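**Q** One letter stands for each residue in the lines below.
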Amino acid sequence: MAFLELDHVSLGFGPPNDRTEVLKDVNLQVQENEFVAIIGFSGSGKSTLVSLLAGLQQPEKGCVRMHGQPVTEPGPERGIMFQNYSLLPWLSVHGNIELAVKQVFPRYSRAERKAHVERYIEMVNLTPAADKKPSELSGGMRQRVSLARTLAMQPEVILLDEPLSALDALTRANLQDEIVRIWGEDRRTVVMITNDVDEALLMADRVVPLTMGPEATLADAFTIDLPRPRDRTLSNSDPDFKHLRNRITQYLIGLNEEAKALRVDERKEMPDVRPVDFYATRRTSFWERLRNNDTDAA
Amino acid sequence: MAFKYKLLKAIDVAGLQVFDPVVRLCYGEEPKLQLRRIGLFIVIPLLTLAAFVALWAYVGPRHKTKAGEVPSPAVVLQAGQDTWRFDAWEDTKAADYKRAGQDREQALAAVNARIEELEPQAEQAAAQLAEVEDAYRTQLMEQVKPLYDEYRQMRVDFRDESQRREAELEDRAAHLSGSVAEREAFLDALREHRQWEEGEKAELAAFKDQIGEIEDAKAPELEAARAQSNDLGQELQYLRKRRDQLTSDNLSLKLADAEQRLEQREQAFLQASSGEEALSLANQILAEEAAMERIETSTYAKPWTLPDQIMRSILCVFTGFVLASIIAIPIGILCGLNRVFMAAMTPLISLFKPVSPIVWLPIVFIIVGGFIPEPSDSALLDFFNAIPVLGAYDVNPAFLSSAITVALCSLWPTLVNTALGVAAIDKDHINVARVLRLGFWSRLVKIVVPSALPLIFAGLRISLGVGWMVLIAAELLSSSEGIGKFVWDMFNNGSSQTFAQMFVVVFVVGLIGLLLDRIMIVFQRLVSFDGAPTAL
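Chains V and A, in that order, give the protein sequences.
According to my numbering, the stretch in the first sequence is residues 73 to 370, in order.
According to my numbering, the stretch in the second sequence is residues 4 to 539, in order.
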């Protein structure tokens, strides 16, 4: 029995006479301590998939199971790290993590809780920024806080929903290494959603492509048996790496073309309208301009 | 350097960005830019203010009303100072009433010395005033008398001429022939005569007005003498009242008196021989004891003065504001959380939101009156009067009605903003709460309310502004002691002095409203986080 599984899961939206199936007949088995990457184009239903795994959404057909038990609601045993950080802006780094720790480990004493929170802040190298508010942090730092919060809940499964897609390339590479390093420490089960082939190859044990939506489903998995730790500088020279990358990329391009071919018949005539650009006419207030000037000057 | 940024941050949080360039200039940061900003934020507003005052000073006195001319800025300033002096004098009198022993004697000596100093001055001023008045009157007589003579002569001439013309017309009428042309000519002549008469009368009236203007013209010298004499007279009157409070009306003296009387009665009672006499004296002792108790707790009956009324108005608006917040925030949160509740509340909110305070107040007044049949014996009033600070300002049904009217009119912005803030909560934050399996209350306290706080405070700020505007009208209508009542009293008084005091109120109300708004801005900025809407 798989640790976490999707069993013939389907989900759609819209009224019955005009249904759009987002996911159709999706099957996935994740083993304990496995790092699975699900890769797909944007709009293919990746985020919906992760919502289903987390229990934030319920499937219409089929079943999501963990330890063989159906998942009916979200919970801290499946820690999810959102694409856009989802930090509470009125709490400091420490406060954000503490909120989660307080809820998941209600029996901790004050000192134990503090130690726990600080351990995870340390783990993501944010100790100097522990008292800062999210607005005072860079994107990468915010995502690290989000990671620390997820890890601090000590979930059995970590679900990463495109955690790095909003970051610049350098920060992204850093965080990739960091996530792999932390994962390597206690090898929890991880399901990561991504749209980056290199990222999937560097981090995962298994890469599962999601076909183009609508009616997306999971294709056959590619097993990545590259030795760890994987060095990103090898990605341009290592023949195994290059081979795998080519195969996955080719597969994805194939999917894309297939989807295009399928879509030709259904192409709808678009109305000839131009979107209104509200921002073009929006006047900046006097104080706003002033503030902008100041930041420019600084 | 760190201090500079702390200071700038404090200025920003306090909503005093106007002074930002001044601080930066003091630290020598980009002087050219800062000077330009000072010009923009400080110099231009000040110039506008000065232009406004100049326009007011020019236009105001040119409009005559029943309560004298519209007061100029200088007159209003003087009226403001007088108002505050009146309050200070009343405070001193109240303090004098309680003075005892050495303190009382010292104060009395000072008062007497000042009276002695002022009395000759006042006499001199009165004499000077009489002199100036005499001189002015003679001068005026000299100036006006020939004019009056001329006027009288003109009237006599007019009368004579008029009589002559009328006689002529009478004569002509008597000898009218049957010819139509002649009769028409006579009609024309009569018409012409009437026109002439009216023209002459108008001329006479204009001449009389001219004389009147000369008589009414202000003589600065006379005005100054009168003002000086009045001032001295007022101060003397005040000092004499003080002397009364320090002597005949003084609390300690009255107490000593009562004590003495009591002792006499007690002595007499001890030596009373007959039962009848003893009973009568015992009764007298009890009466004296009761009287002493009354005297002990008595205070000087200070009339309401503007500063006290301002304080009471502020307390009243805060009472109403707190009441509004207690009602609006929970209902707003419920509206934001639950769509069914929101749908249920929408008609009520839309219906009552536009209702004017003038409509609410009489209704509230009657309803509150129903809860307080006997103001001297009401648990509700006792509750409010037991609250420190508030209790010192005599909470009565009128106060409560005003506060409730303020609440009824000012709760809507908070309610709507709270509902909006709660309903617009970020879906990601809700997802975080779901993953953490937060219960209803922790979700409310830890996620929903903090994320809605900036909008709630934006609503509170609007509410307080609305409440302050509503309050003045409510006080005026309910005769609740406060700024509104002050304006109403001044309006009913109808002298040029009280007219000027109404202008004082305009500035007082404006300044306090500004201050309240600034305070709310500070709160609003303190609870705001990145990306939350803030207003300046």
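I should point out that these hints are in silico values taken from the structure, not numbers from a laboratory.
All values reported here derive from a predicted model rather than from experimental measurement.
Careful, some of the hints might be misleading.
[As the list claims (entries may be wrong)] Examples of chain A residues lying across from chain V (beta carbon under 8 Å, computed): (1) Asp160; (2) Val435; (3) Arg437; (4) Val448; (5) Lys449.
[To be verified] Here are the simulated lysine-lysine pairs, DSSO-like style, with alpha carbons at most 30 Å apart: (6) A/Lys430 with V/Lys204; (7) V/Lys96 with A/Lys69; (8) V/Lys314 with V/Lys332; (9) A/Lys257 with A/Lys69; (10) A/Lys9 with A/Lys35; (11) A/Lys96 with A/Lys221; (12) A/Lys211 with A/Lys96; (13) V/Lys96 with V/Lys332; (14) A/Lys204 with V/Lys174; (15) V/Lys186 with V/Lys174; (16) A/Lys244 with V/Lys204; (17) A/Lys101 with A/Lys356; (18) A/Lys221 with A/Lys211; (19) V/Lys133 with V/Lys174; (20) A/Lys257 with V/Lys205; (21) A/Lys7 with V/Lys204; (22) V/Lys204 with V/Lys186; (23) A/Lys305 with A/Lys101; (24) A/Lys96 with A/Lys148; (25) A/Lys244 with A/Lys305; (26) A/Lys430 with V/Lys133; (27) V/Lys204 with A/Lys257; (28) A/Lys257 with A/Lys67; (29) V/Lys186 with V/Lys205; (30) A/Lys67 with A/Lys244; (31) A/Lys67 with V/Lys205; (32) A/Lys244 with A/Lys257; (33) V/Lys186 with V/Lys133; (34) A/Lys69 with A/Lys9; (35) A/Lys204 with V/Lys205; (36) A/Lys221 with A/Lys204; (37) A/Lys101 with A/Lys148; (38) A/Lys35 with V/Lys186; (39) V/Lys205 with A/Lys9.
Glycine residues also receive a C-beta, built at the ideal position from the N, C-alpha and C atoms.
**Q** Could you work out which of the previously given hints the structure breaks and list their numbers from low to high?
**A** Per hint list: 1, 4, 7, 9, 11, 12, 14, 16, 17, 19, 20, 24, 27, 28, 30, 31, 33, 34, 35, 37, 38 violated.
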